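Given chain D, work out where chain P should sit, using these hints.
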Amino acid sequence: MDGICSHPTKAARRYVQRMGAVGLVYLATVWVITRYIHQHHPTGTKLFALAAVPAFDVIAMIVVVGIYLRDEVDEFKRHQLIVSILWAIGFTLALMAFMDFLQSYKSITAPPPFMEFCVFWLSMALVQAIQAFRSRVRGNE
Amino acid sequence: MNNHLKELRALRGWSQAFLAEQLDVSRQSVNAIETGRYDPSLPLAFRIAKIFALPIEQIFEDEA
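One line per chain: the protein sequences are D and P, in this order. End of the first sequence sits at 141 in the numbering used here; the numbers just go up one at a time, nothing left out. End of the second sequence sits at 1064 in the numbering used here; the numbers just go up one at a time, nothing left out.
The set of hints was computed from the structure by calculation and includes no laboratory data. Since we're looking at a predicted model, the values are computed, not measured. Hints are not guaranteed to be accurate.
Simulated restraints on C-beta separations [as the list claims (entries may be wrong)]: (1) D:133 - P:1006: 16 to 24 Å; (2) P:1062 - D:113: 46 to 54 Å; (3) D:10 - P:1002: 28 to 36 Å.
In silico lysine to aspartate or glutamate, EDC-like type, Cα no more than 20 Å apart, as pairs [claimed, not checked]: (4) D:10 - P:1024; (5) P:1050 - D:74; (6) D:10 - P:1034; (7) P:1050 - D:100.
Idealized CB from N, CA, C, for every residue including glycine.
Bound conformation, chain P alone:
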C-alpha cells in the first residue's frame, strides 16, 4: 500500500515527532509507515485521516 503521509506532513510543516504524538504512537511507527515498511491497521489509518482532515483514500492508495 502506498501513502502520501510524508508529503502531507511536509505540507503542514509537521515533524514526525509531532505526528507521532498526535497519533499516540512512536516516531519509529510514523517513519515505518512513511517509508512503506509497515502498513497501519484500519483504526490507525482512520486516526491518521482524521488528523489530516482528509478522506482515507487521499492518504493511502492501493499499489495495484
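So that you can see chain D by itself, here it is in the shape it has in the complex:
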C-alpha cells in the first residue's frame, strides 16, 4: 500500500502513532462516558459537558492530520491525503443529507450514534486504499 501506511516517511510514522493514540483515547472516552451516562443518568449542564468531551478527541484527530500535513516533506503524499479527506467529507455529507432527508419524512429511524465519525474515517481509509492501489510501484525500475 502506498498511502500513509506504506513506505512510510518519518512524518507518516509519527502520524500513525499519534492517530492510533488519539483513536484509542477517543474509543476509551466514548466507552467511559456512555457507561457513566447509562449508570448515573446525568441531566442538564452535566450531560452537555459529558457529551462535549468526545468532541475534543475528534478535534485532536484533525490536529494530528494537520501536523502530518505540516511535517510531510513529500508533496505527493500530502496531495493524496488532502484528496482522501475531500472524498471523505463529500461522501459523509452526501450520506448525511440522504439520511436526513429520509428521516425528515419518517421513512427511517435515526441512524446509530457516531455513524458520521465512522463513515468519515472509513471512507477516508477506503480512498487511501484505492490511491495506494493506483500508485503502486513494481519491481526495481
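This is chain P only, laid out in the frame that chain D set:
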C-alpha cells in the same frame, strides 16, 4: 504537463528509488510524476532540474 523524466532517468541509468532518494520524496511520487498522474510543484520541479543539471523546460513542457 508532459515531462521527459522517465527517458532522462533511463539515460543516466538511475532507478526510481535512486531518484526518489535524491529528491527526498517517495518512489510513488517519482512514479506518479513520470506517468503524468501528478504535476510537481515549482520547487520540486526546480529540484528535479537541478539533479538532472538541465533547464526546467527541457524536462517539463506544456501540453498545449
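Evaluated hints:
Distance hint check: the CB atoms of residue 133 of chain D and residue 1006 of chain P are about 21 Å apart, consistent with the given range 16 to 24 Å. One distance hint, 46 to 54 Å for the beta-carbon pair residue 1062 of chain P and residue 113 of chain D, holds here, with the actual separation near 52 Å. Against the hinted window of 28 to 36 Å, the Cβ-Cβ separation of residue 10 of chain D and residue 1002 of chain P comes to about 32 Å, which satisfies the hint. The straight-line distance between the Cα atoms of residue 10 of chain D and residue 1024 of chain P is roughly 11 Å, inside the 20 Å bound, and the hint therefore holds.
With a C-alpha separation of about 17 Å, the suggested pair residue 1050 of chain P and residue 74 of chain D falls inside the 20 Å cut-off, and the hint holds. Simply put, residue 10 of chain D and residue 1034 of chain P have alpha-carbon atoms about 24 Å apart, too far for the 20 Å limit, and the pair is violated. Taken as a hint, the residue 1050 of chain P and residue 100 of chain D pair is broken in the structure, with Cα atoms around 54 Å apart against an allowance of 20 Å.
In terms of the numbered hints stated before, the structure departs from hints 6 and 7, listed from lowest to highest.
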